[in-house]
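Chain residues, written in single-letter form:
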Amino acid sequence: MAEESIHSEIGRETSGHAVFPPFQSETFASQLLWLAISFGVLYLLMSKVALPRIAGVLAARKSAIASQLDDAAAMQAKAKDASDAHDKSIAEAKARAQALAQQARDRLAGEADASRKSLESELAAKMAAAETQIAETTAKAMANVDAIASEAAHAIIERLSGKPAAADVVAQAIAVAKQS
Amino acid sequence: MDPIHQFSLSKLIPLRVLERDLSFTNSSAYMLLAVALVCLLMIVFVDRNAKVPGRMQSMAESAYEFIANMVREAAGESGMKFFPLVFSLFMFILLCNLIGFIPYTFTVTSHIVVTASLALIVFFTVLVVGFAKNGTHFLKLFVPSGVPIYVLPLVVAIEVISFLSRPLSHSVRLFANMLAGHILLKVFGGFVVLLLGLKGLGALAAVVPFAFTVALMALELLVAFLQAYVFAMLTCMYINDALHPGH
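Taken in sequence, the protein lines are chains A and B. Start counting at 1 in the first sequence, then tack on 17, and there's your number in our numbering. Start counting at 1 in the second sequence, then tack on 206, and there's your number in our numbering.
Simulated from the structure, these hints should not be mistaken for lab results. Glycine included, C-beta positions come from ideal geometry on N, C-alpha and C. If a hint is listed, it holds; no wrong ones were tucked in.
Which residues of chain B face chain A? A few of them, derived with a C-beta cut under 10 Å, are:
(1) Ile210
(2) His211
(3) Arg226
(4) Ser234
(5) Ala235
(6) Glu271
(7) Leu291
Reference listing, derived: stretches of chain A covered by chain B, where coverage requires no fewer than 3 residues with Cβ under 8 Å from a Cβ of chain B:
(8) 58 to 67
(9) 71 to 84
Okay, chain A solo, but in the shape it has when bound (with noise of 0.2 Å):
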């Protein structure tokens, strides 16, 4: 009943100026009751419902986002070992081929060598052999030269003195010429 008259009260200031609205009384249960309703039903579904699941989310993104750098960086160490191995291979490739070049410069070597060697004892050997021939070669010619001096010798002392030369005399000289 009090508040019948509260109300009719208010009906008719409400014409003139009304109480101020935020401090009617008689509106306290009512806003009461239906801020109890939509702040806890908000509460509930934020609490139960939403805050979870938006954690949920935030939660999966960063474990996303986590292993997908990890495997970046896996796949990045794997890419490393291979280039690794790769180099490792092209060195271990570059080391046997510069030793097989090697052993093949040496054989190379070696024969040439040899065969420079038998080469020059050959050529040594025909040298011998040339020097010896040559030799022989001179020691006849200067036997026949004997002859030819004596017998050119006896044709100039016939020719300058008309007389057949002393055959004595002559080789005496000629052995004297040969000296010298």
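Since the structure of chain A is provided, determine the placement of chain B on it from the hints.
Chain B only, in chain A's frame:
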């Protein structure tokens, strides 16, 4: 033209229970609208499987992380138990403030009974948690360390009064800001209409209050966000007091 009329309640569905008026009013409708919008943003727009969030989901996630960081910084990791409460308070107040900006709507937070209820929820949460977690140790909150014994009674009295007046300042700050902002907007808007009613130069002068209204609108938009932020921030700090009363 009456700047106060925007705050009056109208019964949409009259309801009386035990001699009490529990009618579903425009205020109730806007409360439910705010709750529905928050749920739309935080539940409907959030796709659990989205690797890359869309615009709405980004907004929801930003709101989540904004409040989560606020709680974590102000009340520590143990304060995260109250994250749903702080988040609900922030979003509810923010949405009520923002909805109130649309002309012809009703601003739920411009009624002291609503803001006081929200502040009392925080106040009693702090009391209950403070005593449940720390027992009588919670009373240390009123006895700052390192104060000489002869000024201690005075300091304790001040601390107790400031603690008890917390729900008052907590609620009146939001209520008064929203109330004053909306009255101011309405008054300047009224000037525009009044001057436009005049002929000639008077109608031209309406530009001035109109410019004021535009500027005020921007300011009030800031206030709407800021008051929700301040309310949530203070809630975090009070909860921090309840969890760590030793300062």
